[in-house]
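Protein chains in written order, with UniProt numbering: chain A, 1 to 235; chain B, 1 to 278.
Bear in mind the hints are in silico, worked out from the structure with no lab data behind them.
Where is the CB? At the ideal position from N, CA and C, for every residue including glycine.
There's no promise every hint is true.
Claimed, not checked - Here are the in silico distance ranges between beta carbons for each label pair: (1) E155/B - R64/A: 51 to 61 Å; (2) T8/B - D108/A: 32 to 42 Å; (3) E139/B - R29/A: 35 to 45 Å; (4) E202/B - Y126/A: 15 to 25 Å; (5) Q90/A - Y97/B: 23 to 33 Å; (6) N146/A - D114/B: 24 to 34 Å; (7) K30/B - V159/A: 36 to 46 Å.
What the hints assert, rightly or not - Simulated pairs of lysine-lysine, DSBU-like, Cα-Cα distance not exceeding 30 Å: (8) K41/B - K115/B; (9) K115/A - K41/B; (10) K76/A - K149/A; (11) K115/A - K115/B; (12) K76/A - K66/A; (13) K61/B - K115/A; (14) K175/B - K30/B; (15) K131/A - K46/A; (16) K115/A - K149/A; (17) K46/A - K76/A; (18) K125/B - K76/A; (19) K175/B - K203/B; (20) K213/A - K198/A; (21) K41/B - K149/A; (22) K203/B - K115/B.
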Amino acid sequence: MLLGILGMNSLDCTPATNSLIRSEADSQRTLYPYVTGTSVVGIKYKDGILLAADMGGSYGSTLRYKSVERLKPVGKHSLIGASGEISDFQEIMRYLDDLILSDNMWDDGNSLGPKEVHNYLTRVMYNRRNKFNPLWNSLVLGGVKNGQKYLGTVNMIGVHYEDNHVATGFGNHLALPLLRDEWHENLTFEEGVILLEKCMRVLLYRDRSAVNKLQVLFSLCGIHTSRLLGNCCTV
Amino acid sequence: MFRNQYDTDVTTWSPAGRLFQVEYAMEAVKQGSAAIGLRSKSHVVLACVNKSNSELSSHQKKIFKVDDHIGVAISGLTADGRVLSRYMRNECINYFYSYESQLPVGRLVVQLADKAQVCTQRSWKRPYGVGLLVGGLDESGAHLYYNCPSGNYFEYQAFAIGSRSQAAKTYLERKFETFMESSRENLIKDALFALRETLQGEKLTSSTCTIAVVGVGEAFHILDQETVQALINEFEIAGEEAPADEAAAPDQADDSESSATAADQVTPSDPDVAPMDM
Numbered sequence: 001m002l003l004g005i006l007g008m009n010s011l012d013c014t015p016a017t018n019s020l021i022r023s024e025a026d027s028q029r030t031l032y033p034y035v036t037g038t039s040v041v042g043i044k045y046k047d048g049i050l051l052a053a054d055m056g057g058s059y060g061s062t063l064r065y066k067s068v069e070r071l072k073p074v075g076k077h078s079l080i081g082a083s084g085e086i087s088d089f090q091e092i093m094r095y096l097d098d099l100i101l102s103d104n105m106w107d108d109g110n111s112l113g114p115k116e117v118h119n120y121l122t123r124v125m126y127n128r129r130n131k132f133n134p135l136w137n138s139l140v141l142g143g144v145k146n147g148q149k150y151l152g153t154v155n156m157i158g159v160h161y162e163d164n165h166v167a168t169g170f171g172n173h174l175a176l177p178l179l180r181d182e183w184h185e186n187l188t189f190e191e192g193v194i195l196l197e198k199c200m201r202v203l204l205y206r207d208r209s210a211v212n213k214l215q216v217l218f219s220l221c222g223i224h225t226s227r228l229l230g231n232c233c234t235v
Numbered sequence: 001m002f003r004n005q006y007d008t009d010v011t012t013w014s015p016a017g018r019l020f021q022v023e024y025a026m027e028a029v030k031q032g033s034a035a036i037g038l039r040s041k042s043h044v045v046l047a048c049v050n051k052s053n054s055e056l057s058s059h060q061k062k063i064f065k066v067d068d069h070i071g072v073a074i075s076g077l078t079a080d081g082r083v084l085s086r087y088m089r090n091e092c093i094n095y096f097y098s099y100e101s102q103l104p105v106g107r108l109v110v111q112l113a114d115k116a117q118v119c120t121q122r123s124w125k126r127p128y129g130v131g132l133l134v135g136g137l138d139e140s141g142a143h144l145y146y147n148c149p150s151g152n153y154f155e156y157q158a159f160a161i162g163s164r165s166q167a168a169k170t171y172l173e174r175k176f177e178t179f180m181e182s183s184r185e186n187l188i189k190d191a192l193f194a195l196r197e198t199l200q201g202e203k204l205t206s207s208t209c210t211i212a213v214v215g216v217g218e219a220f221h222i223l224d225q226e227t228v229q230a231l232i233n234e235f236e237i238a239g240e241e242a243p244a245d246e247a248a249a250p251d252q253a254d255d256s257e258s259s260a261t262a263a264d265q266v267t268p269s270d271p272d273v274a275p276m277d278m
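Using the sequences and the hints, build the whole thing.
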């Protein structure tokens, strides 16, 4: 407990002074992110869910890695997209792989849907936040189960909600206003992709950490997840 | 069965490959008063006979709500049943906390069975002396399971456990093929008929039985006494044969009302049955 309080003080310090008063406990928990992903954007469309994110992993202000998959399928029904610390996302994927494995091991007709996965992640993120050792991510979780579409988000402090369109990071400021204007219930797949492409283009223009290689995942009612990758060039 | 030199510990096998302590635990289930379960595609009905120690005491609680979508009827050592119900409620609540959705019945039943199995393989434990009829709703429809003290579980269309349950089973065996497509009302009526079989001549009134229902769009709940009495009156009017096929008919006969309000029947206590078994 005492070590935790020492750690709290160092959060207020700049990295310069921090290095002088670093306690042993600090090496046991996340202080700041290193390799990060930027925005993720997700929408519901007529037949399911669409998620888009670029494939960049930034190392501070350097656009270091350009083929990072920040969108992944989870189980039979869900898709996850992550922004923030990439290594924490990889850790989250390990948690989710274990979760899905245990779910499959029951070998009954039941399976965890996107709502269940979202809630599980919320509990994980919030618990880590309470221990002052967060998983430094903002996640988008979407999927379709039994014809029901689900799209939600959860971030490193445990704030979570569902909506018809969600985004992380800069996407909140640049993409959501576009989506609020142009999203409607009956978007076709093509219209959805065009809408997401519009959002990603604006993000490429205005977000320093965006790269020009995209990943788009979709989840269909009644069909398992599939994915498509695309390149987009700067105009 | 008779006493033998292999029945002292649950961890001792007999030469024939039997665990006698586990089998004795199953005997305890047979001593409890009857509990019956049946299910259709969309509903599960649990019914049990009320037994009380004496005319002065209240009757034992044998049906427990585990969650909105799961309920359980027990037969055997009620204390064991109560403890297991608490375990089941805990599991359901914890699952909902983590996943915000309901624990599938099939999984709860497996957890229960695994818990019972542990007690058959520890020298410092004893098997649970209670049989559980677990009825609940899943994504895949309505289910009825029976959990044994042995750690086995089976899914059933309809089942009866406890004393004189064979009479109920005979009735259910005749009719079970119709249950899947049965309406909620007919399912309850069949449960009451099956229950009556176990009473063997005793009067079936709402004070001698408890009925509980769970279904699609209907949370698990125990029917109140008036509802049960109304249903009893309905089918007693229709006669001994098949349950009434028509929808709820208004109560007509006064004589069945007055006979129903006669002094509550209490089963004379069986000297072989320990007081704790109900």
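> Using the C-beta atoms of Q90/A and Y97/B, is the stated range 23 to 33 Å upheld?
Replying inline: 26 Å, holds
>> If I claimed the Cβ atoms of N146/A and D114/B lie 24 to 34 Å apart, would that claim hold in this structure?
In response: 28 Å Cβ-Cβ, so the 24 to 34 Å window holds.
>> Quick check on a hinted range of 51 to 61 Å for E155/B and R64/A, using CB atoms only.
In response: The hint (51 to 61 Å, Cβ to Cβ) holds, given that E155/B and R64/A are roughly 55 Å apart.
> Does the Cβ-Cβ separation between E139/B and R29/A fall within 35 to 45 Å?
Replying inline: 39 Å, holds
> Keeping to a limit of 30 Å between CA atoms, is the pair of K41/B and K115/B held or broken?
Replying inline: 28 Å, holds
>> Given the hinted pair K131/A and K46/A, is their Cα-Cα distance within 30 Å?
In response: Violated, because 40 Å separates the two Cα atoms, which is more than 30 Å.
> Going straight from one Cα to the other, do K76/A and K149/A come out at no more than 30 Å?
Replying inline: Distance of about 14 Å is within 30 Å: holds.
> CA of K115/A to CA of K149/A, is that 30 Å or under?
Replying inline: 9 Å, holds
>> A range of 15 to 25 Å was offered for this pair. Does it hold for the Cβ distance of E202/B and Y126/A?
In response: 56 Å, violated
>> Between the alpha carbons of K41/B and K149/A, is the straight-line distance 30 Å or under?
In response: 26 Å, holds
>> Would the hint linking K213/A and K198/A be met if the CA-CA limit is 30 Å?
In response: Distance ~14 Å between K213/A and K198/A Cα, so the pair holds.
> Hey, K115/A versus K41/B, does the alpha-carbon distance stay inside 30 Å?
Replying inline: 26 Å, holds
Violated hints for the displayed structure, listed by number in ascending order: 4, 7, 13, 15, 18 and 22.
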